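Novice: For the record, the sequence lines run as chains Z and G. The working numbering puts the first residue of the first sequence at 1, with every later residue one more than the last. The working numbering puts the first residue of the second sequence at 359, with every later residue one more than the last.
For the record, the hints were derived by calculation from the structure and aren't laboratory data. Everything numeric in this text was worked out from a predicted model, so none of it was measured. Heads up, the beta-carbon is just placed ideally off N, CA and C, and yes, glycines get one too. Where hints are given, some of them may not hold.
[Stated by the list, open to error] Per label pair, the in silico range of CB-to-CB distance:
#1 Z:Val306 to G:Ala375: 52 to 62 Å
#2 Z:Arg2 to G:Arg475: 34 to 44 Å
#3 Z:Gly184 to G:Arg475: 46 to 56 Å
#4 G:Asp424 to Z:Ala132: 36 to 46 Å
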Amino acid sequence: MRVALERLTKRFGTVTAVQELDLEVRSGEFVALLGPSGCGKTTTLLMIAGIYRPTTGTIVFGDRRVDHLHPKERGIGMVFQSYALYPHMTVSENIAFPLELQRAVTRPDREARVREAAAKVQVDELLDRRPAQLSGGQQQRVALARALVKRPDILLLDEPLSNLDARLRHDMRGEIKRLQKEVGITSIFVTHDQLEALSMADRVAVMRDGRLQAYATPDELYAHPVNRFVAGFIGSPPMNFIPADLAARNGDLVARAQDIELPLPPAQRPRGNAAGATVGVRPEHIAIVAPGEGQAAGEVYVVEPVGREQIVDVQVGGRVLRVVAPPGYGGKIGDRIGLRFAPERLHLFDPQSGDRLA
Amino acid sequence: MAAVVGERAPSTNRWLAALPYVVLALATLPILVLYVWLFYSSFFPRVEGFRPVGDFTFDNWRFLWDPLSVPQMRNRPPIVPLTFNTFIFAAMTSAIGLLVSSMAGYAFSRLRFPGRRMFLGSVLLLHSFPSVTLLIALFVVLRALGLYDKLVGVILVQTAFALPFGIWIMKGFFDNIPWDLEMSALVDGAGRFRTWWRIMLPLVKPGLLALAVLLFVEGWNQFLLPFVFMPSGSQQTLSTLVKGILGEGRFVDYGLLTAVGLYYIAPVLILFVLAQDQLMRIYAGGVKG
Numbered sequence: 001m002r003v004a005l006e007r008l009t010k011r012f013g014t015v016t017a018v019q020e021l022d023l024e025v026r027s028g029e030f031v032a033l034l035g036p037s038g039c040g041k042t043t044t045l046l047m048i049a050g051i052y053r054p055t056t057g058t059i060v061f062g063d064r065r066v067d068h069l070h071p072k073e074r075g076i077g078m079v080f081q082s083y084a085l086y087p088h089m090t091v092s093e094n095i096a097f098p099l100e101l102q103r104a105v106t107r108p109d110r111e112a113r114v115r116e117a118a119a120k121v122q123v124d125e126l127l128d129r130r131p132a133q134l135s136g137g138q139q140q141r142v143a144l145a146r147a148l149v150k151r152p153d154i155l156l157l158d159e160p161l162s163n164l165d166a167r168l169r170h171d172m173r174g175e176i177k178r179l180q181k182e183v184g185i186t187s188i189f190v191t192h193d194q195l196e197a198l199s200m201a202d203r204v205a206v207m208r209d210g211r212l213q214a215y216a217t218p219d220e221l222y223a224h225p226v227n228r229f230v231a232g233f234i235g236s237p238p239m240n241f242i243p244a245d246l247a248a249r250n251g252d253l254v255a256r257a258q259d260i261e262l263p264l265p266p267a268q269r270p271r272g273n274a275a276g277a278t279v280g281v282r283p284e285h286i287a288i289v290a291p292g293e294g295q296a297a298g299e300v301y302v303v304e305p306v307g308r309e310q311i312v313d314v315q316v317g318g319r320v321l322r323v324v325a326p327p328g329y330g331g332k333i334g335d336r337i338g339l340r341f342a343p344e345r346l347h348l349f350d351p352q353s354g355d356r357l358a
Numbered sequence: 359m360a361a362v363v364g365e366r367a368p369s370t371n372r373w374l375a376a377l378p379y380v381v382l383a384l385a386t387l388p389i390l391v392l393y394v395w396l397f398y399s400s401f402f403p404r405v406e407g408f409r410p411v412g413d414f415t416f417d418n419w420r421f422l423w424d425p426l427s428v429p430q431m432r433n434r435p436p437i438v439p440l441t442f443n444t445f446i447f448a449a450m451t452s453a454i455g456l457l458v459s460s461m462a463g464y465a466f467s468r469l470r471f472p473g474r475r476m477f478l479g480s481v482l483l484l485h486s487f488p489s490v491t492l493l494i495a496l497f498v499v500l501r502a503l504g505l506y507d508k509l510v511g512v513i514l515v516q517t518a519f520a521l522p523f524g525i526w527i528m529k530g531f532f533d534n535i536p537w538d539l540e541m542s543a544l545v546d547g548a549g550r551f552r553t554w555w556r557i558m559l560p561l562v563k564p565g566l567l568a569l570a571v572l573l574f575v576e577g578w579n580q581f582l583l584p585f586v587f588m589p590s591g592s593q594q595t596l597s598t599l600v601k602g603i604l605g606e607g608r609f610v611d612y613g614l615l616t617a618v619g620l621y622y623i624a625p626v627l628i629l630f631v632l633a634q635d636q637l638m639r640i641y642a643g644g645v646k647g
């Protein structure tokens, strides 16, 4: 079922948590609300759930306006960050609870559906346990089963993975994504972890200070961030930003900072005639080359091997640029090196507004 | 802490470690003596100071099986209906108090409504109100409602006095339940009332049990209200009987008094022993404002 938020605003007293949010989620789509803490993403989710009432704006499910409806009338299932399993009920009672409230579901039918939902998330062996006897991952699965058992139109997940350890988080990431596609349910999840958002969602809505910054596919967000905030928030390690002057040289446009000179290919040239720009370049788009080669010279500041690759901080002039080097790279602290920037991978942002120039 | 210190230097600090116990034991002694005295004087014909006089006897307990042979009991309601009244009184105040406290406590903990803070404050104020000052007004109100000299009337008054404490205790317990659980119940399709009944109440069960015991004991021990508002005697409680025996005029039969007194406090003592764990939790559970 399609979900549409129109000019959705939520104020708590004088604080505006969400401001004029427009967002459309297509039927069957998996969308992430991504942003730093306090950006309004959870408030948005709770408004969709019906826990918070929007100050202004509308929420539409399908063709039905729902922003005045109680949570129970909205046909949603939700997984909470804490999982919110009812501690005094067994796993099967937890999963059955939403059905218990639906008169149309008879008792034998209810039992069958509880078993079916439990099997889908592989907790059918645990039905008689209590939440306190489950591991974090198992609790998460039970919470998913409980959210899905009444076959809701929309599934909401609030930071679903943040209470799991790193290993489990990775497993559940894949599993939730698979489950979502299997069930085909329109789903919205909230996260502060860009990796989670990129790896799981069909589209990601990046929020900051209650406003929507960008809403696009993970690829698009990564390749063409619309502003400096999105560029810095998406990707790990984060993008390098270099304040630079723009100048013409031999008919070419170059971005010039101290010790760095970057020719801009035609596609990367800003519209209009800006005199300065913040140049963004991702660590994986800078290569370490022999001293004297490339567009900048620098000195290795520190090398951090992270297994698959190495993250190298390079001192260039007065600043440190972060570079991703292949595993075989054997640089030492203090080595003199050159840096080669991939010209087609440069991003130019307005130094004041942070908007994308090219 | 004392034990840890003691392990390190046993010779000097063992005495220091024992010191608090000695002090506390000395302070507790008078109370202990009180109970021991109460206990053994009920089994002897007479006690002079702390010294029992005569032979061990169950004579003082005659009121249980042969009340007519006890002069002080002759013109009073029999002991069994009195006990029953006391039980009804305590149980009803406990039950009504529990119901109202758990609902009001939930509302104060979870709902935002106009005047919430004022209500909370005034509930506390009521808690610190000495009930004696309200006796006359209560008398007038009970008379007007036709509840004077009736057990029901006293039950309502006692419950009202117990509510402030109960509401604050229950509010504290509800405050400790994460919001997520409640939101989850709402999303799962429960209304507010069902959420309270199916999710919240089971989670505050330790609080409910402890409060039930405390309210019951408070009702059981209550003397002033039954004494003042049920003068005719047919619906009296045990506390008024004890007072009656004590105030029988020139000569008080201490043997009988202690036996009846012991009979009166026995259920409370048993209840406390049984419910000890629950009662501890009311304070361990933390009461937040």
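Novice: Does each hint fit the structure? Answer for all of them.
Specialist: How the hints compare with the structure:
1. Z:Val306 to G:Ala375: 52 to 62 Å: Between Val306 (chain Z) and Ala375 (chain G), where Cβ atoms are some 55 Å apart, the hint holds.
2. Z:Arg2 to G:Arg475: 34 to 44 Å: Given range 34 to 44 Å: holds, Cβ gap about 43 Å.
3. Z:Gly184 to G:Arg475: 46 to 56 Å: holds (48 Å)
4. G:Asp424 to Z:Ala132: 36 to 46 Å: Given a distance of about 56 Å, which is not inside 36 to 46 Å, the answer is violated.
In this structure, the one hint that does not hold is number 4.
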